[in-house]
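S.K.: Dock chains B, C, D, E and F against the given chain A, drawing on the hints supplied.
6 protein chains.
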Amino acid sequence: MNLLLINPNTTASMTRSMAEAARRVARPDTRITAVQPSFGPVSIEGHHDEVIAAAGVLEQVRQAGTGADAVVLACFGDPGLDAAREATEAPVLGIAEAAFHAASFVSTGFSVVTTLVRTCVIAEHLVLKYGYERRCRGVHGTDIPVLALEEDDGLACVPALEDACRAALARDRSGAIVLGCGGMAPVSAELQRRLGVPVIDGVAAAVVLAEALVQLGLRTSKQGDYATPLPKRYLGWAGALGW
Amino acid sequence: MNLLLINPNTTASMTRSMAEAARRVARPDTRITAVQPSFGPVSIEGHHDEVIAAAGVLEQVRQAGTGADAVVLACFGDPGLDAAREATEAPVLGIAEAAFHAASFVSTGFSVVTTLVRTCVIAEHLVLKYGYERRCRGVHGTDIPVLALEEDDGLACVPALEDACRAALARDRSGAIVLGCGGMAPVSAELQRRLGVPVIDGVAAAVVLAEALVQLGLRTSKQGDYATPLPKRYLGWAGALGW
Amino acid sequence: MNLLLINPNTTASMTRSMAEAARRVARPDTRITAVQPSFGPVSIEGHHDEVIAAAGVLEQVRQAGTGADAVVLACFGDPGLDAAREATEAPVLGIAEAAFHAASFVSTGFSVVTTLVRTCVIAEHLVLKYGYERRCRGVHGTDIPVLALEEDDGLACVPALEDACRAALARDRSGAIVLGCGGMAPVSAELQRRLGVPVIDGVAAAVVLAEALVQLGLRTSKQGDYATPLPKRYLGWAGALGW
Amino acid sequence: MNLLLINPNTTASMTRSMAEAARRVARPDTRITAVQPSFGPVSIEGHHDEVIAAAGVLEQVRQAGTGADAVVLACFGDPGLDAAREATEAPVLGIAEAAFHAASFVSTGFSVVTTLVRTCVIAEHLVLKYGYERRCRGVHGTDIPVLALEEDDGLACVPALEDACRAALARDRSGAIVLGCGGMAPVSAELQRRLGVPVIDGVAAAVVLAEALVQLGLRTSKQGDYATPLPKRYLGWAGALGW
Amino acid sequence: MNLLLINPNTTASMTRSMAEAARRVARPDTRITAVQPSFGPVSIEGHHDEVIAAAGVLEQVRQAGTGADAVVLACFGDPGLDAAREATEAPVLGIAEAAFHAASFVSTGFSVVTTLVRTCVIAEHLVLKYGYERRCRGVHGTDIPVLALEEDDGLACVPALEDACRAALARDRSGAIVLGCGGMAPVSAELQRRLGVPVIDGVAAAVVLAEALVQLGLRTSKQGDYATPLPKRYLGWAGALGW
Amino acid sequence: MNLLLINPNTTASMTRSMAEAARRVARPDTRITAVQPSFGPVSIEGHHDEVIAAAGVLEQVRQAGTGADAVVLACFGDPGLDAAREATEAPVLGIAEAAFHAASFVSTGFSVVTTLVRTCVIAEHLVLKYGYERRCRGVHGTDIPVLALEEDDGLACVPALEDACRAALARDRSGAIVLGCGGMAPVSAELQRRLGVPVIDGVAAAVVLAEALVQLGLRTSKQGDYATPLPKRYLGWAGALGW
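In order, the protein sequence lines correspond to chains A, B, C, D, E and F.
Each residue of the first sequence is one higher than the one before, counting from 1 in this note's numbering.
Each residue of the second sequence is one higher than the one before, counting from 1001 in this note's numbering.
Each residue of the third sequence is one higher than the one before, counting from 2001 in this note's numbering.
Each residue of the fourth sequence is one higher than the one before, counting from 3001 in this note's numbering.
Each residue of the fifth sequence is one higher than the one before, counting from 4001 in this note's numbering.
Each residue of the sixth sequence is one higher than the one before, counting from 5001 in this note's numbering.
Don't read these hints as lab results, they were simulated from the structure.
Check the hints yourself; a few may be wrong.
[As the list claims (entries may be wrong)] Under 7 Å between C-beta atoms, here's a sample of chain B residues computed to sit facing chain C:
| # | residue |
| --- | --- |
| 1 | P1091 |
| 2 | S1107 |
| 3 | T1108 |
| 4 | G1131 |
| 5 | Y1132 |
| 6 | A1148 |
| 7 | V1158 |
| 8 | A1160 |
| 9 | V1208 |
| 10 | L1213 |
| 11 | Q1215 |
| 12 | G1224 |
| 13 | T1228 |
[Stated by the list, open to error] DEER-style ranges, computed between Cβ atoms:
| # | chain 1 | residue 1 | chain 2 | residue 2 | range |
| --- | --- | --- | --- | --- | --- |
| 14 | B | N1002 | F | D5163 | 53 to 63 Å |
| 15 | B | P1145 | C | M2001 | 52 to 62 Å |
| 16 | D | N3002 | E | T4033 | 47 to 57 Å |
No residue lacks a Cβ here, since even glycine has one placed at the ideal position from N, Cα and C.
In isolation and in its complexed conformation, chain A is listed as follows (with noise of 0.2 Å):
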């Protein structure tokens, strides 16, 4: 199958870091493209850089055109999941998304530990989204910037994630973590083996959650409220994307 990983953030080598722990869990007959946006922010922290980087995953999805046989959007915020789904037929997850539904498979609660203080509200609105406002006891920030992760494969960062987790399994009395932002993928594993929970990466959640709903034959529903677009007019740089 093939699957489209979209970095909604316009680093590149952010995009390849996901890409590699993409392929660390994909099955070997899954190709994985991955792409980020021609234009918005380097990084994602806050709503005003998300609502860009939404307008950007329509962008790749549109180019994707009826190529991939599913989505992963790789940013914590899931921005511009909805919208995507109009925009295809294959299905589309995000990140986030994947991650509590892969959590709440293996404990009762889980703690969400993510970069800016800031963007907690984000994650708590995709809670309630979800309908995860019970299994998700907290959302808990570091503030490490996003970009820091990028360095050293987020290696310096690992001591403070620890640190972050347990006090989070402590007060949120929690069984597992979902890491809150796509770029801590490189460093689950190792957050993994020293916490002796379940860490959850969004990036690799997703990729396998695609693969198993391809496998199923589900497609995003046509029918309501993920119809493709109307045909209508955009205008100015945004031409393209006009139906």
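M.R.: Same frame as chain A, but now just chains B, C, D, E and F:
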């Protein structure tokens, strides 16, 4: 005061008609500047349209700089609302949000009557976001296209809307109607006259609430989730949006 | 317009001080009449006080007849709010309700700082009633008695309130403060200056929102739950309240 | 034990008829004193009636002093319940509260059938307050006036009530009926016989639950939210209610 | 009346001690038969224990046939409650359910203090099931093993429980304590004496509420979700449980 | 990998038919072992059946020891799910849980169509447990008995199911169908073909999601609520289940 009214779609005639509705309720000393993005869909009828429109909202907020004392986003999906609040200290109001608040002061429960059935889910997500899952007793689609409201000041749509409102009031045991599209502003007074219950147009509601917040001296909190976007590079057409 | 400001307790000096706070934010052409019931508790610090105060609110609404264009109930428990809405077509606003709505426009989450710990539960019930169980991130009592706020315009209470607000902002990760007592109106500006975040006094918020609703031409729905009370006999001292 | 049954309205014949219903289920050694306020509405059919009735409840609780081992408030809106709990250490039970609890022991879901449609919202607020928003599957008004239940022991209303109950059971997929008015006490047995499902009259339910709480030795908590009212002056007719 | 008290675990001494606690509060004319299953765990400290205990509950309900007027399940997880209700027309009460209801009559918020931290999640699921997610302000584990409560009538555990209760009351701002294990029945009176707030033992609460329901003539609804099990074959050791 | 498929009822032909459905979607290298308990009901159509079936699930999980890489519980009530997770480190998936998750990736809202009306409440409790109270827009019973699905591969039931699905999609404004019984696995493809929307069979969904979790290396958290059962004696037939 200076009020920036942003029509998130790119149909200039709709901007004008909403500006007129806004001026009808605004105070004499409120200067209303009505704009629309330079790019994006001519109407907003789904998540895909909405994502691009949200980016357009940010373009306009940025162009206004510090010139606006308050900002109103005149599309019922409140596209880009949280992001716009990061981008300015002026209060920013969505018309769905404003309409829900206004309706809650004059009824224990209200019904939303909107355009396309496929967009009901967008209103329902906002109902949840703003905490109206109990006070909003139903969201009802009419499958009137947004741009049909543009012709003849929407008069042709009044009978269909009246029928839908009456059905909603009866089924939901509601005491008020919230109109679920900025394009319905011109017909709200007529509908209220016919129905005998409060009929709330979000554009008008947002204008008077924006004036009230300015009068109160309230500004968007810059501590925490709505803090100014972090300084970073935006690539491509979005270059001017980087902070 | 004529705005009736009802202080639900019977301390006339508190009525005056809230009237001053109201006039500071009101438009020039708003005539504020401030009254209190002829009976009931000198301050409202529990459910028992509140029930009698709610009856007092109805006395005052009835005496005002149709003379008021809008009514503000200036006690943070919003006593008698639904009943007052039955009794008049003018919009009626509670100060807790108004403060919550105002805070939600300028922050993703706010904290309430109030007087007695024992009254926190009253605020919490209102938080639920108005749908703010997610946006209100905490209700905090200070055990400052209501009437202590009356002395010296509440200045003596500012340091304790500032400390409580800072603790609430940190613990709740909030972006704004809602003051949980009408008697705190005189100190809100000073607290906002010290804290650097929006501090919302419900009296001021209710006044400007009442003006906005009148400007919009909105009246309490008389279809359904807020319909005029049914004609019936009231016995004893309440005789004049029968319809 | 001494049980104080307060009819919150001022219709003495209704007090008598509810007292009879109470005595039919009470234990032999339970002495029931049935009273009504000296003031207030002859029936409770809206928020306005209810506020004055709540004040009347407090009058009666105060007059009873420490003479009651338990108190039952016999109006389905549970007027003044929290306030009454402050005013006495004896357990105080509302009939809506008692009926919901009783129904939840014998069905996974129940329907409320009440009098006026306009009062449904009062029951719905109680459903939320008591946590029954999932177990209560519907609240249905019949527009039978409260005092119509007084004539002929309510027998004339039985056919209409039976129809409403059958419709509610079918529509809500419920297993039990809660009668939404203290005045329906005399007809509950007949309705249960006709319908073949549990039909719960709140007056009877509250009486037996009050006996149970007394038997258990439970008293209202005086630590925290139901602590005795603070000592303070009450003015006017309410002077005797100050603490 | 005949009350069947089922201890869902297989420790006979615990059955006896709970029977004693039950008889202390029961009316003189209530005959209590206390039993335990012929199979299953000696204590219930997790989901695994609970599932087998639930099967044991059904064994005992079946053996009792129509001889019981009411049934009490004396384990705080309320194991097999819904199934037991299908199997008999007599009211069936779980002790968690009974305790929550009792606590809600005497406080606006209560805290649960239970045995093992790992079983808190079971109590939390019940809190949600019964609609107490707002009134129950916290569930606290003490890691006292269930069978430690059996020695010396639990007296050795009192100091640790008292500490845990005090901490819970302070942290949760609660007005009452619910004891989260049937084995705590013998120490509830002593804890209430020490703490000065209502301390509710579910066994005692369930007994008096069961008596109340019988007095009211309420039987489990056989229309709908609690209808008698459908006739069918059960294989293996469970053969006698088929209907 | 080794996947243990447990049919919680004791009808071997149903085990076989579900195993076939599982194998149709499983990867080539997944070895599926399909079993049923040695005891319990021949079908699960209520809470009573379910409790015994849950015990049967534990018997089978225990017998499998560490031989399974993942476990699927193939009854829509997910009987014994939490307990099974305590009993093994392998991921355990319920088919309701899996189906809800799968449906949420391809629609904003889905409807459940199940067998007996009396079991709808079981599905509704799971909807709440898994956080789908907003995404699941309705649960609909058809009163088709579970074992009727066994005859002729369920083909005779297709027309009735199709009608029920169409009615559910229209009434609930849903975009997908979740089939509410493991026995419906053989007819899901045909229903999807006829309806033109995603139709999700939980057995197939659970199989592919189990494969995904194994691929991800996720194991059930043993810290906290799903820790291995404590060592203790189980009496009677359950002796082998003690730890």
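S.K.: Each hint needs a verdict: does it hold in this structure or not?
M.R.: How the hints compare with the structure:
no.	hint	result
1	P1091	holds (6 Å)
2	S1107	holds (4 Å)
3	T1108	holds (4 Å)
4	G1131	holds (3 Å)
5	Y1132	holds (6 Å)
6	A1148	violated (26 Å)
7	V1158	violated (19 Å)
8	A1160	violated (21 Å)
9	V1208	holds (4 Å)
10	L1213	holds (6 Å)
11	Q1215	holds (5 Å)
12	G1224	holds (4 Å)
13	T1228	violated (13 Å)
14	B:N1002 x F:D5163: 53 to 63 Å	holds (59 Å)
15	B:P1145 x C:M2001: 52 to 62 Å	violated (39 Å)
16	D:N3002 x E:T4033: 47 to 57 Å	violated (33 Å)
Checked against the numbered hints above, the structure violates hints 6, 7, 8, 13, 15, 16; every other hint is satisfied.
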